[in-house]
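K.L.:
The primary structure of each chain is shown beneath.
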Amino acid sequence: MATTPGAASRPRATQSIVDDADVRTFDATGGDWSDIAEEAARLGEERIVVNMGPQHPSTHGVLRLMLEIDGETVTEARVGIGYLHTGIEKNMEYRNWTQGVTYCTRMDYLAPLFQETAYCLAIEKLLGITDQIPERATVIRVMMMELNRIASHLIAIGTGGNELGATTIMTISFQAREQVLKIFEMVTGLRMNHAYVRPGGVSQDIPPGTLEAVREADGTIRKALRQLEDLMLANPIFKGRLVGVGHLNLSACMALGMTGPVLRSAGLPYDVRKANPYCGYETYEFDVPTSTDSDAYARVVLRLEECYQSLRIVAQCVERLHAMGPSPVMVADKKIAWPAQLAIGSDGMGNSLDYIREIMATSMESLIHHFKLVTEGFRVPPGQVFQTVEHPRGELGVHLVSDGGTMPYRAHFRDPSFNNLQATSVLCEGGQVADVVVAVASLDPVLGGVDR
Amino acid sequence: MTGPEATGAELTGPEQGGRPSIDVVGVRTGMFGAGDTGDTSGYGGLVRAVVMPGPSDRPYGGWFDEAADVLAEVLEEAGSSWDAAIENVVVDRGELTLHVRREHLVEVCQALRDDQDLRFELSLGVSGVHYPDEAGRELHAAYHLVSVTHGRRLRLEVAVPAADPHLPSTVAVYPANDWHERETWDFFGIVFDGHPALARIEMPDDWPGHPQRKDYPLGGIPVEYKGATVPPPDERRSYH
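Here the protein sequences come in this chain order: A and B. So that you can map any letter, position 356 of the first sequence is 356 in my numbering, and since no number is skipped, the others follow by simple counting. So that you can map any letter, position 94 of the second sequence is 546 in my numbering, and since no number is skipped, the others follow by simple counting.
Okay, chain B solo, but in the shape it has when bound:
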């Protein structure tokens, strides 16, 4: 009773100026998480793409345009460029997200922190997100920055492939990110190159694997009843 095999290849987001579309992060089928039993919901054949809010075009609105202009100028002066450093800009729900290429992360942070018109002097840390279906961009790191001076906040997002999960460390620019990067390494396995002591922080030192990844195996619960077990939560039938 399960629906036709969905590959998701036919479901793609809008192309933006020749850049690869990054907004489709997965495909979901049916109504229930588990595929081994019959889907009695009647929605077994349902195929939906999971599409994140796509890149925005100018004008972004509010102070976003001005900040983008200043950042472009500062990057230009530093011998880099906006196009080289920033993949795209997403304005969604009143929040500004800059998708940064990993090679340029530290210089973007430096520019955001030090330029007097930007002055994002407070870092609220790093958090990771794992999108296993986004080929070549499986692991994302999000940096939340606050400008106390100007009363602004924005987010930097960097994507790296799971096969090469390396990011430059931002601890030299924002010392506050020290533990946050350790936490992201611990839970997602993103390696922050140049971090002073990239050790696990929450899990025990000898823990194998990175538990917040979506493909990290979850434990089921053995039940002492004729060999039955309660399956792990990601294999149970549940709405998703």
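Here chain A stands alone, though its shape is the one from the complex:
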């Protein structure tokens, strides 16, 4: 391609074409496609730069793809991000440590509990209280994260299918995800943006009936997963679109820092839950599925298989929580534990009357602690930590720096979608335009996490 005469003057996706007077620019708005097609045919130029997104239904949010295409072949693909940048990391520097949870839960909005947990694990490491987190809180965290993983993978599979025109795949996935969201609503009060995991534990214990609801959802989700398998895995159209598309071998994955299902589809069984366990994952029984096909189809199969593995972990959590009985879900240290005790009253959820009676009528110390923790927060000794968890999309890292104050000095999230999007060029170049959608969907980027 480089040897073609005049190649340098041709439009390139990575180069500004605005200043180049020789290049014709077609405006796709307000015109008629037939005029554009006619003019393109008259010029005899097959190579065009197409701007896909940032508002495009198949880019999983506000992702901008700049594609240079030659006929139907993508010769160059570049990614533009930043359209959803909201400065969450900067905002966290001006809120106390506990308030930070409400910020990081909004990053990757399809997997909020992973950011919350990773952030809280990092704070707990900075405080040196990792060993004091109550067992019940840890098991609840694991159960919520694994349910969240299922919900996230179902979205990945469902929207991926929808982008290929298979609406049924999406409706089945979303119905199954609804089961998970119902449990989330029951436990945290919200379907997303939970702020449920808090430094020192979780905000409140699971309400009565949760374990039964989880057991019930297990069956419904399994049924949906079977349906999805039946619909997709032997479907000639689905296989025709996905098999061999978005190929990324192991060395490319390692070079580009890919983690999660994309890395495992290239054959490396690297999973943070096994490699560097947190939240007691070493005590759960589950497998890390891998494939060596390195393509989009393998990633779908792996995501489905990971849902089953997550269900296995969830079942173990339910068993443990059932056997455990009522016990604390927040660290015992009164200087750290968030004091509010919530209860459902006649006018909705609020501070429990018993708790209000305690701080207002019986215990001056409780009132002081409540006041100090809610207005000032707790102080974290200076230092820095890097805590990673296995996010549905790969390895999520939290780099937290404390200067000894009540607020994070710096909070950085290494979001797996952000890193994985770097592979877009390698996945798409040389393929067909239609394969771009499949390749990007196989990375499963969530732009809230990418841009933060």
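No lab work stands behind these hints: they were computed from the structure. Among the hints, erroneous ones may be present.
[To be verified] From chain A, some residues computed to sit far from chain B (all C-beta separations above 12 Å): (1) P134; (2) L190; (3) R222; (4) K223; (5) I313; (6) A337.
[Unchecked claim] With the Cβ distance kept under 8 Å, some of the chain A side facing chain B (calculated, not the full set): (7) E89; (8) E395; (9) H412.
Here a beta-carbon is modelled for each residue, glycine too, at the ideal position from N, C-alpha and C.
With chain A fixed as given, assemble chain B onto it according to the hints.
P.N.:
Just chain B now, with coordinates in the frame of chain A:
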């Protein structure tokens, strides 16, 4: 009612073998962030140094010593040396941080990636931290590396002055750092020399300034009430 002027000069960390102490990164006074109004907390005269965990001495514990020995050996073979490349080693909260001099960053990365006893083949990216009070070392870049082979992880930290914020790019060793370096440039203004396309990534291309720096001005909120405004968060009274 504000306390006596604190310079922080009297507050320094322990000296380590003639090396300049790098652990004092700032000084905080009083209890509230804002100094213009009276500090009614009773702690207005409080002066505290912000001291980061200082350099560790051997033995570092666990596999840290072995990895340090191997790294020293590999650097030696490559014609460099441990003392030239590594400023100091901080072991804190079970994590190993190597403070690297910027000229030696790429060769340290190369050694960490390629030597079979180190094999830190996976890079989890770069993140910046701004310490405006640390004269001559205002901007820090932290590199998080993972060895899948050996199941280890460590952090490299490089400090550069804000007046000369140049670092060699590590993209040739870890292509994954491409976007992470762009992000660090975007937010902190650290220039990664040799990066293939060091453009802004999150902020618009024509954005002035680097928003994650601590001295980046924050916006207040105008309130339509007799010209009042809500001050930016760093000027409000708040515990800090």
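K.L.:
Would the hint on A/E395 be counted as holding, given a Cβ-Cβ threshold of 8 Å to chain B?
P.N.:
6 Å, holds
K.L.:
Decide, holds or violated, for the assertion that all CB atoms of chain B are farther than 12 Å from the CB of A/K223.
P.N.:
36 Å, holds
K.L.:
For the hint on A/E89, just tell me whether its beta-carbon gets within less than 8 Å of chain B.
P.N.:
7 Å, holds
K.L.:
Using Cβ atoms and 12 Å as the threshold, tell me whether A/I313 really stays out of contact range of chain B.
P.N.:
21 Å, holds
K.L.:
Please confirm whether A/A337 is truly not at the interface, meaning its C-beta sits more than 12 Å away from all C-beta atoms of chain B.
P.N.:
18 Å, holds
K.L.:
Can we confirm that no CB of chain B comes within 12 Å of the CB of A/L190?
P.N.:
Consistent with the label, A/L190 stays out of reach of chain B, its closest Cβ about 25 Å off (over 12 Å).
K.L.:
If I take the minimum Cβ distance from A/P134 to any residue of chain B, is it greater than 12 Å?
P.N.:
21 Å, holds
K.L.:
For the hint on A/H412, does the least C-beta distance to chain B fall short of 8 Å?
P.N.:
Holds: closest Cβ of chain B sits about 4 Å from A/H412, inside 8 Å.
K.L.:
Can we confirm that no CB of chain B comes within 12 Å of the CB of A/R222?
P.N.:
At roughly 32 Å from the nearest Cβ of chain B, A/R222 sits farther out than 12 Å, so the non-interface label holds.
Taken one by one, the earlier hints all hold for this structure without exception.
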